[in-house]
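Engineer: Next come the chains, spelled out residue by residue.
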Amino acid sequence: MRKHHSALGGVALALALTLTGCGGDDTEPKVQDTPSQSPSPTPTSTPTPKTPEEKAAAQLVAYLDVRDDALRAATIDFKRLNKVATGQVFLNIQQNVSAIERSGSKLTGEYVHTLGEPRDRGAYILIIDCEDRSGVEQTKDGKPVPEPVGPDGKPVPNPLPIEYKLVKEKGRWLVSDQNGLLEESC
Amino acid sequence: MLARVVAAAVVALLGLLVAPVPSALADGDGQCTQQVDPETGQVKWVCEDDGGTGGTDGTGSTGGSSTCSYSGREIPCTGPEGSAWSSTYGCYVGAVWDPGGAGAQPPPGQTNQDGAWHICYWPPPGSSWDPVWIQNGEVTIDPVVLAQRAIASMDLDPIQIGIVPESGPNRVGLVGLPVWMWVDSPTDDTFGPITASASEGSVSVSATASVASIVWDMGDGTTVTCTGEGTPYADHYGKQDSPTCGHRYEKMSTDQPDGAYQVTATSHWVVEWTGGGQSGTIEFDLTTDALPIRIGEAQVLTQ
Chain R
1 MRKHHSALGG VALALALTLT GCGGDDTEPK VQDTPSQSPS PTPTSTPTPK TPEEKAAAQL
61 VAYLDVRDDA LRAATIDFKR LNKVATGQVF LNIQQNVSAI ERSGSKLTGE YVHTLGEPRD
121 RGAYILIIDC EDRSGVEQTK DGKPVPEPVG PDGKPVPNPL PIEYKLVKEK GRWLVSDQNG
181 LLEESC
Chain L
187 MLARVVAAAV VALLGLLVAP VPSALADGDG QCTQQVDPET GQVKWVCEDD GGTGGTDGTG
247 STGGSSTCSY SGREIPCTGP EGSAWSSTYG CYVGAVWDPG GAGAQPPPGQ TNQDGAWHIC
307 YWPPPGSSWD PVWIQNGEVT IDPVVLAQRA IASMDLDPIQ IGIVPESGPN RVGLVGLPVW
367 MWVDSPTDDT FGPITASASE GSVSVSATAS VASIVWDMGD GTTVTCTGEG TPYADHYGKQ
427 DSPTCGHRYE KMSTDQPDGA YQVTATSHWV VEWTGGGQSG TIEFDLTTDA LPIRIGEAQV
487 LTQ
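Residue numbers (my numbering), protein chains in the order written: chain R, 1 to 186; chain L, 187 to 489.
Hint data in this document are derived by calculation from the structure and do not stem from the laboratory. C-beta: ideal position from N, C-alpha, C; glycine also. The reader is advised that the hints may include incorrect statements.
Where chain R lies over chain L, by a calculated footprint (3+ residues, C-beta under 8 Å) [said to hold, decoys possible]: (1) 218-225; (2) 256-268; (3) 275-286; (4) 306-320.
Chain L is nowhere near these chain R residues, computed Cβ spacing over 10 Å in every case [unchecked claim]: (5) Thr48; (6) Gly104; (7) Asp132; (8) Gly135; (9) Gly142.
Keeping only pairs whose Cα atoms sit at most 20 Å apart, straight-line, the calculated DMTMM-like set for lysine to aspartate or glutamate is [said to hold, decoys possible]: (10) R:Lys170 - L:Glu260; (11) R:Lys154 - L:Asp223; (12) R:Lys106 - L:Asp316; (13) R:Lys143 - L:Glu225; (14) R:Lys154 - L:Asp427; (15) R:Lys140 - L:Glu225; (16) R:Lys143 - L:Asp223; (17) L:Lys230 - R:Glu184; (18) L:Lys437 - L:Asp427; (19) R:Lys106 - R:Asp69; (20) L:Lys230 - R:Glu147.
Using the sequences and the hints given, assemble the complete structure.
Structural biologist: Structure (structure tokens):
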């Protein structure tokens, strides 16, 4: 199990920028080379993901970074979001962020995302993210906000597998739908 | 440290774990999304059943789907939290919103009695994450809702099955001989095209529905898809195949329940609608009741 720590801090932000090529107008994200066993202080090469699966996975990582930043900041940077999301996910994040702001709650800490193997279905790609929210704290008026619940009102598992659907628009893979696999486990 | 984290992420990107899992996103049979409660801030997962618009009369309908577009781009048909589409603003207008509780003042020339600041849920691409001033009465109803109302007013029905050999206790078709299927006495509400409108306030939607195809379940494990009404059989056709929609049974129906194949016809309706600055397509199916068709075998005597 390999993990991607998403945080506002410098390391994760640097990671997100590296993974997505964020800040430029490239349609394809870039990924750092895997370092050797004798790591140099700074990676030097930035090969571009080659396969559709790699490109889609890189975009999902970028989306999760944008989403997590938006939830913590209770605001949305559309310039970033437009590059990684579309469809229902695009609306859903707006609902989540606005509702956090309206509720007067505050979200801090970091999610840990662990991506599963992308599944190419032709017109779209499915990827399951095992989302660990152990490091996330949400408070309202100084008190913890109750844990996330399912339709039955019971707390959902942590970590929770969430499946994402990515579609290709104008040459770029975008996260379009999500589905919480409430009955599954990571 | 950076190199280690990056390496971990790269490996994750290149694919790890997870055995094949049934996918609601692929199958469309219900998916769960998280919604934050605007009162408490708590995350609540909401699971929806598949079906989209579904049938219009509840009889024999088998699910459906909708697509919507705005300015040539496909967009979600409905917005979050019951928000209504506004063609004026090009967004789904949600609840009254005062970010930060700062008590935002109305724009020049407006008072708090004239309207309010609202959340605007933007279809992609978004631009500004700011509330939008909406005058009272400016947003009334989602055009998709009106499209569904228009469809409901059409009172659509499954087709009336036309088939030879006919159904009946004294009617028996023969193995290997042509079966002809068609839409018997097609009408606007069984085959289309049919147009209806619905409006509320300043929003008006017009919808036109037509049957795009009919899937015939022949009861013997085969289905036949026909795109037109089919050709009604007449005696002068003899033993010809139907030129448009036909079948041949390979076995007798004696081992079937009641000794007959149960034939159904599922008409696939496609509704194109436009109004309120949006346009879209709604699709759904209507299925007939089963019609029993008996198939026997001709016996030839030789001396």
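Engineer: Which of the numbered hints above does this structure break?
Structural biologist: Going through the list in order, the structure violates hints 6, 14 and respects the others.
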